[in-house]
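Asker: Letter by letter, the chains look like this.
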Amino acid sequence: MKAILLYLVLVGLPVLGVVGILRLGSRLEAPPDIGGTWRAAFAPAAQLVPPCVELPPDAAAFDVAQSGVHASVTLNDASRTRLDGKLRGMHLWGRAENLPLLGTARTACPGAPLELAADLVWDGRESHLVGNLWAGGCAACAPVSFRAERVSGR
Amino acid sequence: MSLLTLMLQIAVILATARLAGLLFRRMGQPQVMGEMVAGFLLGPSLLGWLSPDLSSRLFPPGSLASLGPLSQVGVLLFMFLVGLELDPRLLRNRGRAAVVTSHASIVVPFLLGSLLALYLYPQLSDRSVRFDEFALFMGAAMSVTAFPVLARILAERNLLRTRLGAMTIACAAVDDVTAWVILAGVVALARVDAGDQPLGFTLAGSAAYVLFMVYGARPALRRLEAYYHSRGRLTQDMLALALVALTLSAYTTEWLGIHALFGAFVAGAIMPKDPGFVHELNEKLQDVTVVFLLPLFFAVTGLRTSIGLVSGAEMWIDCGLIVVVAVVGKLGGSALAARLTGLSWREAGALGALMNTRGLIQLVFLTVGLEIGIISPALFTMMVLMALVTTFMTSPLLEWIYPARLIRQEALGVLEDGKAFTVIVPVALPSAGPELLRMASSLAPSPRDRIYALHLVPAADQSMLDPGRFTRPADSETLQPLLAAAEDQGTSVRPLTFVSQNVGRDILEVSRAKGADLILMGWHKPVLRQSILSGTIYGVMSEARADVAVYLPRHFRPWRRILVPYLGSVHDLGALELAKRLAAQGETELAVLHVVRPTALPPPAPPGLSLEDLAGSSGLSIRMVMSQDPLDVVVEEARQSYDLVVIGVSEALGLQPTLLGAGHERLARECPASMLIVHKRVTT
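Protein chains in written order, with this note's numbering: chain W, 1 to 154; chain D, 1 to 684.
It should be emphasised that the hints constitute simulated quantities derived from the structure, not laboratory data.
Glycine included, C-beta positions come from ideal geometry on N, C-alpha and C.
Please note that a few of the clues may not be correct.
Said to hold, decoys possible - To give an idea of the chain D side of the interface with chain W (calculated C-beta under 10 Å), a few residues:
1) V99
2) V244
3) T247
Stated by the list, open to error - Cβ-Cβ distance ranges computed for the label pairs, FRET-style:
4) D:W49 <-> W:T37: 23 to 29 Å
5) D:L321 <-> W:S26: 18 to 24 Å
6) D:A220 <-> W:G36: 43 to 49 Å
I would like the entire structure built from these sequences, with the hints used as guidance.
Answerer: Dropping the structure here:
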């Protein structure tokens with residue numbers, strides 16, 4: 001009798017607990033899935049000041065390694081620049097410190113961090129990342145805007 | 001990637017794994033712990049961080065394409081061996097306590113893991129993973145126990161045959177099976193979600209697969225066992241058949257969507273369980289798996305583990321939380337259940353500490369989770385750290401809760417009363433056993449006397465996946481000839497087998513615990529040393545609280561003529577005591593050669609232990625010789641037709657125990673008779 005009672009307390013109750021957790025968790029919402037490889041189209045620099053970042057003129061691929069709200073964006077440049085960032089809702093923000101930036105920022109704002117901000121946008125068919133890359137705190141150069149579509153998931 | 005690079009990678013991985021394994025073993029950790037850490041060190045977490053250039057040359061992008069499949073084959077073989085070692089009796093006929101404890105040891109950490117998933121899911125997962133899959137995986141990952149590591153620790157600490165050991169092994173076996181079944185379910189769910197397989201196909205196929213394996217394949221494989229008995233050994237054809245069964249089973253489960261590892265495990269589990277068959281199959285597969293393939297798996301895991309992914313206080317707090325939940329759930333849950341079902345607090349704590357070992361099994365588990373996308377790379381890294389921490393903490397925690405000294409004392413039992421003569425006979429070589437027994441039973445002939453045959457298995461010789469085979473005294477291959485001889489001559493012998501970290505120390509401890517009067521040791525010529533009274537024998541002679549005798553048999557005839565050279569030392573008196581015991585067994589002529597140097601006075605003997613006292617009425621003959629060179633005299637006398645020379649250790653005769661074997665031991669080399677070299681315990 002004691003063994004049955006113990007079994008109910010030590011095994012039965014936790015099993016019920018697991019069932020309850022599974023029900024409770026089904027209401028939880030995880031961050032959107034943005035992991036994988038994205039192909040970005042960078043907008044031409046139309047501003048008066050030159051762009052902060054020099055990237056391939058028409059398109060470039062970048063990889064997003066996602067772990068929940070944490071994401072790192074690796075650009076497809078020569079030095080495989082990596083920006084560590086976070087997802088807040090549908091908004092992605094990333095930053096890479098102390099990088100030898102290309103373009104105007106290298107001379108105008110040495111040591112400025114490279115920053116990225118993008119929104120995940122659903123166009124009814126697929127998701128896109130739409131945002132900007134710029135040198136943080138550097139007014140001497142202009143952000144580079146981009147629109148990216150996912151080529152492959154993680 | 002070129003073949004050259006692959007060969008270099010394998011060489012570096014194997015060397016690093018062996019070195020780290022050795023280092024960890026010296027730290028009192030299981031070797032596999034070091035090998036796991038070695039994989040971690042070769043990855044981006046250390047090598048890639050310290051020297052990115054070297055790392056990218058040694059492990060260029062795309063390395064996993066070559067190393068990955070090799071490591072997967074290793075894990076499949078490993079899972080097959082884990083299944084092979086699974087004793088179905090552990091899953092049946094368990095006591096109520098074991099049933100409650102084993103189930104609670106799964107369910108409690110599972111509950112806490114699922115609870116943690118409520119917090120981690122919005123932090124470290126994403127919408128491509130369903131919460132139920134994530135929670136079930138986290139729960140199962142928290143419930144995992146590394147059966148092979150645990151079994152090895154139990155064997156090393158001689159706990160396998162204790163109540164604690166039996167219950168722990170039973171719980172770990174249940175955990176193992178349950179965790180793999182849950183993982184198979186989670187993988188199936190994930191693949192159904194991904195649209196790889198329809199749920200109905202996976203469920204129906206899995207049920208049909210299990211039924212076929214249990215009721216079709218297993219009975220068919222019994223023929224393999226019968227064939228094994230008819231041939232008396234495991235042939236290459238039989239090995240090939242077992243491997244075909246493994247690969248087909250793995251293929252089927254992968255095709256069904258429940259992962260190849262599950263199939264490998266089941267194939268091992270349904271193999272015939274004849275101990276000889278299991279042992280031989282294990283022996284043939286284990287070395288290449290454990291020494292060659294598993295380190296590759298650890299390296300691949302290490303390459304996928306990047307500590308850099310865990311960045312910022314928030315993520316490190318999450319990592320700490322995972323470790324705490326894992327320990328509280330597994331250690332706490334198992335210990336609480338064990339305590340409530342009747343184990344003492346000490347035993348329950350030890351059981352919890354052991355069940356908390358996750359080791360390699362956890363790495364396999366996590367790799368599956370990462371591959372099917374249930375856990376993210378950062379969460380994978382955190383869980384790998386948790387596996388390393390929980391495995392690392394097991395040995396010191398166990399030593400703290402249940403010290404090895406206490407275990408040994410309990411296992412050996414209390415000292416027995418009475419004035420019986422107790423002889424401990426350490427046996428290293430099977431062939432030495434019968435002759436040592438002849439000597440021991442002649443020295444301790446009374447039914448009240450006790451003879452313990454002791455076989456100590458050096459920890460380094462322990463099998464990783466078959467640790468129990470060394471630890472059943474009656475099954476010990478080394479003791480078998482001695483025990484068979486004892487049975488033939490009707491002598492009662494108590495066999496003892498232990499895994500030993502330090503053979504000399506453990507001989508001393510056993511002799512103390514058993515209240516031994518004499519430790520009777522054999523000697524075989526080691527590779528690096530020539531002398532008899534050095535190494536372990538020196539250590540035992542120096543520290544034993546009992547007399548120690550080393551027996552060198554030269555022939556197997558009865559001891560009709562025994563010579564005792566006597567130079568006046570207490571060890572010579574000890575030799576005379578033993579010789580008198582031997583002479584008392586039959587019509588034996590006992591000759592004492594008393595060598596006196598003309599200029600030297602013999603040292604005074606302890607009260608009651610003089611030559612005259614011992615000679616008494618036993619009828620032994622004493623011959624006194626004056627000589628400046630006792631060694632020549634004794635060697636000359638020993639060449640006469642004696643069957644046995646019983647002699648005390650003596651610097652004058654070149655028979656003194658030394659650490660490095662400095663004595664010339666000319667007497668031992670030139671004496672044609674068997675010899676018994678005696679070191680009398682000197683009481684202060």
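Asker: Now tell me, hint by hint, if it's right for this structure.
Answerer: Here is what the structure says about each hint:
Below 10 Å, beta-carbon pairs count as interface contacts, and D:V99 has one with chain W at about 7 Å; its hint therefore holds. Taking 10 Å as the C-beta cut-off, the interface hint given for D:V244 is violated, the closest approach to chain W being about 35 Å. Hint status for D:T247 relative to chain W: violated, with the closest Cβ pair at about 29 Å, above 10 Å. In this structure the hint that D:W49 and W:T37 lie 23 to 29 Å apart at CB holds, the actual value being about 25 Å.
Against the hinted window of 18 to 24 Å, the Cβ-Cβ separation of D:L321 and W:S26 comes to about 22 Å, which satisfies the hint. The hinted range of 43 to 49 Å is satisfied by D:A220 and W:G36, whose Cβ atoms lie roughly 46 Å apart.
The earlier numbered hints that this structure contradicts are 2 and 3.
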